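Residue numbers (this note's numbering), protein chains in the order written: chain A, 1 to 199; chain B, 200 to 326.
Rather than coming from a laboratory, the hints here were simulated on the basis of the structure. Remember, it's a predicted structure, so these values are computed and weren't measured experimentally. Heads up, the beta-carbon is just placed ideally off N, CA and C, and yes, glycines get one too. Careful: at least some of the hints might be erroneous.
[Stated by the list, open to error] When the alpha-carbon atoms are kept at most 30 Å apart in a straight line, the in silico DSS-like pairs for lysine-lysine are as follows: (1) A:Lys195 / B:Lys261; (2) A:Lys143 / B:Lys255; (3) B:Lys261 / A:Lys41; (4) A:Lys135 / A:Lys195.
[To be verified] Across the chosen pairs, the derived CB separations fall in these ranges: (5) B:Pro240 / A:Asn131: 34 to 40 Å; (6) B:Asp209 / A:Leu12: 35 to 41 Å; (7) B:Gln320 / A:Glu136: 19 to 25 Å.
[Said to hold, decoys possible] A few chain B residues facing chain A, derived, Cβ under 10 Å: (8) Pro231; (9) Asp233; (10) Thr267; (11) Ser270; (12) Leu274; (13) Pro297; (14) Asp300; (15) Glu301; (16) Glu309; (17) Tyr310; (18) Asp312; (19) Glu315; (20) Glu319.
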Amino acid sequence: MSEISKEKKDSLEFVYDLFLKMKKHKVHLAYEGEITHQITKAFTSLAESNMAAQEDDNSVQKKVFHVMVECLQNVSKHAEVNEDDLFASTSRDGRGIFIVSRGEDEYYVTTGNLISNDKIQGLNLMLENINSMDKEGLKKLYKQQIREGRLSEKDGAGLGFIDIARKTGEKLVYSFLPVEETVSFFVLISTISRKSKSE
Amino acid sequence: MQVIKIKGTDDTPKVTLDADNGIFEISGRSLPEDVVAFYDPILEWLDEYSQSPNSKTVFDFKLEYFNTASSKLILDILLKLEEMCDAGKEILVRWHYPDDDEDMQEAGEEYADIVEVPFEQVSYSVD
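Next up, chain A with everything else stripped away, as it sits in the complex (with noise of 0.2 Å):
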């Protein structure tokens, strides 16, 4: 082992260190970079297939699929594109972490994303503001940003992020995590109950 340099042994320990967490975690899906269309259906079709497998309820199968959708697209729309090296991206695409873990009862679809922090407030406020709601406050909500949210092409004005509340009937789990002075790491954890309601 004398030959290996330590950047490559560092490598080495990295990537079975990495697979350790990832089984603690439970992740079976894992991606950090550009979130495209392409990577949107990849990931969709890859969860798809995995869930039919482990027999999942077809109810749970649709709901992780919408949750998947629409955090991909909230990263993918919304993500700050930093010009600085360690987060440099080409293209116009938000670029990020997703992960998929499954537990024996529930599925975690996670997403993790620079943000800046001119932004955190109103997301934060709208965040708040959904989990603070319960099935009926959320619906009124839905109804009211989808008529809204024709009138202003970019902003959804959240409602990805109601389709999740009302989709998995959870409270949505979030953080913002310090990175420099103007910008921060958005978290972002779904649970989807793998239960079906009718057991």
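Here the structure of chain A is known, so what remains is to put chain B in place on it, guided by the hints.
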């Protein structure tokens, strides 16, 4: 009027708009890469059709899945139908949903609440 016939793919719906034969249908999956580009020709067609529509228009939605970006454009289609309805034309929207898909059923109910147009929910069996 020109007929619109678009084949469905795994991310775009099948669309048939055929005034002469009275077929107005959108079915399948809708999560196009560019929703506006996909739905624009459909909305334009409806604008033209609304100038001299058939005496009765039955519009069928039979979607398996649509993302929230598509949901706004679907509403745009329904609003065009509402306009025709307001202008005194006979319109019926038929919202087809798989009988095991509560979310798709609820989506139809919500659209029915938002637009003022005769709306019929039709469940179908997937098996």
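Does the closest beta carbon of chain A sit nearer than 10 Å to the beta carbon of Glu301 of chain B? Glu301 of chain B check passes; min Cβ-Cβ to chain A is 7 Å, inside 10 Å.
Closest C-beta approach of Glu309 of chain B to chain A relative to 10 Å, hint status: 6 Å, holds
Hinted contact Tyr310 of chain B with chain A - closest CB pair below 10 Å: 9 Å, holds
Quick check on Glu319 of chain B please, does its C-beta sit within 10 Å of some C-beta on chain A? 20 Å, violated
Tell me if the straight-line CA distance from Lys143 of chain A to Lys255 of chain B falls inside 30 Å. 28 Å, holds
Taking the least C-beta to C-beta distance, is Ser270 of chain B closer than 10 Å to chain A? 6 Å, holds
Using the nearest Cβ pair, does Asp300 of chain B come within less than 10 Å of chain A? 7 Å, holds
Can we keep the Leu274 of chain B interface hint, with Cβ of chain A closer than 10 Å? Result: holds, 6 Å to nearest chain A Cβ.
Regarding Gln320 of chain B and Glu136 of chain A, is the given constraint of 19 to 25 Å on their beta-carbon distance met? Hint holds: Cβ distance 20 Å, inside 19 to 25 Å.
Between Lys261 of chain B and Lys41 of chain A, is the straight-line Cα distance small enough, at 30 Å or below? 21 Å, holds
Mind checking the hinted window 34 to 40 Å against the Cβ distance between Pro240 of chain B and Asn131 of chain A? 39 Å, holds
Does Thr267 of chain B pass the interface hint, meaning its C-beta sits closer than 10 Å to a C-beta of chain A? 4 Å, holds
Comparing the model with each earlier hint shows violations of hints 19 and 20; every other hint is respected.
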